[in-house]
Amino acid sequence: MDVIVAENLVKEYNGFPAVRGISFRVCEGECFGFLGPNGAGKTSTVRMIYCFSPVSSGQLTVLGMDVRTQAREIKRRLGVVPQENNLDPDLKVLQNLLVYASFFRLPKNKARLTAMELLEFFGLADKAHERVDTLSGGMKRRLTIARALINKPAVLILDEPTTGLDPQARHMVWQRLRRLKEQGVTLILTTHYMEEASQLCDRLVVMDEGEILEEGEPRRLISKHIGAEILEVGFAAAREREIVRQLNGLIRGYQVVGENVFLYPHNGQELLKALQRMPFQLNHQFLRPATLEDVFLKLTGKKLQD
Amino acid sequence: MFRDFLKIDVSPLVWAVFRRHLIVFSRNWKVNISFNFFEPLLYLVALGIGLGAYVRPMEGLPYLNYLAPGLVASSAMFATAYECTYGTFIRMEFQKTFQAMVSTPVSMDDVIAGELLYGIFKSVVYGSVIIVVITLLGLVKSPWVLLAPPVMAVAGLLFALLSIVWTGLVPRIDNFNYFFSLIMTPLFLFSGVFFPLTGLPVLIQKAAWFSPLYHVVNLTRGLILGQVGIWLVWELLWIIAVVVLLFPFPFYLMRRLVIR
Numbered sequence: 001m002d003v004i005v006a007e008n009l010v011k012e013y014n015g016f017p018a019v020r021g022i023s024f025r026v027c028e029g030e031c032f033g034f035l036g037p038n039g040a041g042k043t044s045t046v047r048m049i050y051c052f053s054p055v056s057s058g059q060l061t062v063l064g065m066d067v068r069t070q071a072r073e074i075k076r077r078l079g080v081v082p083q084e085n086n087l088d089p090d091l092k093v094l095q096n097l098l099v100y101a102s103f104f105r106l107p108k109n110k111a112r113l114t115a116m117e118l119l120e121f122f123g124l125a126d127k128a129h130e131r132v133d134t135l136s137g138g139m140k141r142r143l144t145i146a147r148a149l150i151n152k153p154a155v156l157i158l159d160e161p162t163t164g165l166d167p168q169a170r171h172m173v174w175q176r177l178r179r180l181k182e183q184g185v186t187l188i189l190t191t192h193y194m195e196e197a198s199q200l201c202d203r204l205v206v207m208d209e210g211e212i213l214e215e216g217e218p219r220r221l222i223s224k225h226i227g228a229e230i231l232e233v234g235f236a237a238a239r240e241r242e243i244v245r246q247l248n249g250l251i252r253g254y255q256v257v258g259e260n261v262f263l264y265p266h267n268g269q270e271l272l273k274a275l276q277r278m279p280f281q282l283n284h285q286f287l288r289p290a291t292l293e294d295v296f297l298k299l300t301g302k303k304l305q306d
Numbered sequence: 001m002f003r004d005f006l007k008i009d010v011s012p013l014v015w016a017v018f019r020r021h022l023i024v025f026s027r028n029w030k031v032n033i034s035f036n037f038f039e040p041l042l043y044l045v046a047l048g049i050g051l052g053a054y055v056r057p058m059e060g061l062p063y064l065n066y067l068a069p070g071l072v073a074s075s076a077m078f079a080t081a082y083e084c085t086y087g088t089f090i091r092m093e094f095q096k097t098f099q100a101m102v103s104t105p106v107s108m109d110d111v112i113a114g115e116l117l118y119g120i121f122k123s124v125v126y127g128s129v130i131i132v133v134i135t136l137l138g139l140v141k142s143p144w145v146l147l148a149p150p151v152m153a154v155a156g157l158l159f160a161l162l163s164i165v166w167t168g169l170v171p172r173i174d175n176f177n178y179f180f181s182l183i184m185t186p187l188f189l190f191s192g193v194f195f196p197l198t199g200l201p202v203l204i205q206k207a208a209w210f211s212p213l214y215h216v217v218n219l220t221r222g223l224i225l226g227q228v229g230i231w232l233v234w235e236l237l238w239i240i241a242v243v244v245l246l247f248p249f250p251f252y253l254m255r256r257l258v259i260r
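For the protein sequence lines, the chains are A and B, in the order given.
Counted from 1, the first sequence has number 123 at position 123 by this note's numbering; the numbering is strictly sequential.
Counted from 1, the second sequence has number 119 at position 119 by this note's numbering; the numbering is strictly sequential.
Hint data in this document are derived by calculation from the structure and do not stem from the laboratory.
Check each hint, because a few of them may be wrong.
In silico DSBU-like links for lysine-lysine, alpha-carbon gap of 30 Å or less [unchecked claim]:
hint: 1; chain 1: A; residue 1: LYS92; chain 2: B; residue 2: LYS30
hint: 2; chain 1: A; residue 1: LYS152; chain 2: A; residue 2: LYS140
hint: 3; chain 1: B; residue 1: LYS96; chain 2: A; residue 2: LYS140
hint: 4; chain 1: A; residue 1: LYS92; chain 2: B; residue 2: LYS96
hint: 5; chain 1: A; residue 1: LYS152; chain 2: B; residue 2: LYS96
hint: 6; chain 1: B; residue 1: LYS96; chain 2: A; residue 2: LYS127
hint: 7; chain 1: A; residue 1: LYS273; chain 2: A; residue 2: LYS181
hint: 8; chain 1: A; residue 1: LYS108; chain 2: A; residue 2: LYS181
Here chain A is said to cover these stretches of chain B; the calculated rule only asks that three of the stretch's residues, wherever they fall, bring their Cβ under 8 Å from a Cβ of chain A [stated by the list, open to error]:
hint: 9; stretch: 80-87
hint: 10; stretch: 141-153
hint: 11; stretch: 217-230
Pulled from the structure, derived: some chain B residues nowhere near chain A, Cβ distances all over 12 Å [as the list claims (entries may be wrong)]:
hint: 12; residue: PRO12
hint: 13; residue: PHE38
hint: 14; residue: VAL55
hint: 15; residue: LEU136
hint: 16; residue: LEU245
In this text, a Cβ means the ideal position worked out from N, Cα and C, and glycines have one as well.
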């Protein structure tokens, strides 16, 4: 079953198109990602999904309901983790969850039980009566995710869930999200970390400047556009055309990135040997597995992050 | 466009929003109350007793008796005005509390209605605290005073609407200074809290009719001193009319500000 269906979805802010007519479907139980740099339109898209931003044009249904007319009913069944933490600093940790539960009209006893379970699950049980501003960045993030789960949502929407977290805190969040997925929660996340996208997403769309450039499973996208490996090489001068011409047959494509050229080899080791036989000065060479970052680079000529 | 303006989507969830404010209030109510009660008390002592010793009776009353009911009205006004400017703005802009709330079944209009309820609550609480104090000082002359808290509620709604309209129009924290120095302080000084307006130029007397506080002061003073009559109903109607007129604006302005 499709949990979310978007057709020609457009979002404009005072005439500026942030989302330019995108279409996509999210299936039940999958983790669906929006990958793209800042300003790609990811946040605008998910804000329309969780009925915060009005749709400018196009169709958008969530759990079979129209976002234009059934916002409250949709929101009742969603969990939202916004880009900026907006925990209530006037309330303690547990109170944050309980007050949030009251917005879903959950019975008090049930809310308290769920809240304690969630604090346990996210490793925050001993912080229940602390002030929110005493928590670390990673703990705040986990609490925000816990809060989003208080109503046992069918779909959890995470807007840049680990931006600004250190690697350890990030892995802890990923671990919890994978367990939620195992429990059958549909996850929708936006990210500009290719690692996050490939670690978590079953399927994703690559976005740039309000449009969807590609769609598919992370590994398939990589093998479709790049192959298994990338050979990064640095040349002395801007001679890539000449070199690339001579490598014809050994590579399936290439991308110039500043002083470097990323070659997409059919076989990395063979390409390396071939390069060594050539009469060029190579500044460096580095054979590595291809990533989503490379896919994005190939599609847009830009990097995901600056 | 006009239909959007009048369409206000409020549900029973507004009570959950209001409850959130009450939880926060109950966490530090002692501090809140004592501060808000302190300032009017200063006025009462400094002006009512200190200055009052040199002042002729006003409208046949010792100055302290004249001043006390006015301070009930003005402290209710200030409590609401602070809550619905700085308080509302901080929740919206810095804490993003509104954004968190509207990610749940709560609508933006529920959030604003919750802010208005909190404004009303503050007006009633801070007005009533002063009433208790001046009752203890023997300055309340009539059982009609029991009607003062409901009047504080209506007045609170009016001041909450005004404050949120300002917050919605000029949503920058520096601009709240202007609200207080350009609007609230003149209202405080020229609405009959400290002296009857009859001594002032006719133009100012006429202008006072447009001051919401002027009508609230007349009402509270009438009830507290037991000077009641049909004219109190007209004062109340003035307030209700302005409430009705202003009512859709904060919803419209805040929706425009938060929802993009």
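The hints, checked one at a time:
1. A:LYS92 - B:LYS30: 18 Å, holds
2. A:LYS152 - A:LYS140: The given pair, whose Cα atoms are some 19 Å apart, holds under the 30 Å limit.
3. B:LYS96 - A:LYS140: 14 Å, holds
4. A:LYS92 - B:LYS96: 16 Å, holds
5. A:LYS152 - B:LYS96: Between A:LYS152 and B:LYS96 the Cα gap is close to 23 Å, so the pair holds against 30 Å.
6. B:LYS96 - A:LYS127: 22 Å, holds
7. A:LYS273 - A:LYS181: This hinted pair is violated, its Cα atoms lying about 44 Å apart.
8. A:LYS108 - A:LYS181: 27 Å, holds
9. 80-87: violated (count 0)
10. 141-153: violated (count 0)
11. 217-230: n = 0 at 8 Å, threshold three: violated.
12. PRO12: Check fails; 8 Å does not lie beyond 12 Å.
13. PHE38: Non-interface label stands for B:PHE38: nearest chain A Cβ at 22 Å, farther than 12 Å.
14. VAL55: Its Cβ never comes within 12 Å of chain A, the nearest being 43 Å, so this holds.
15. LEU136: 32 Å, holds
16. LEU245: 27 Å, holds
Figure legend: structure checked against the earlier numbered hints; hints not met, in rising order: 7, 9, 10, 11, 12.
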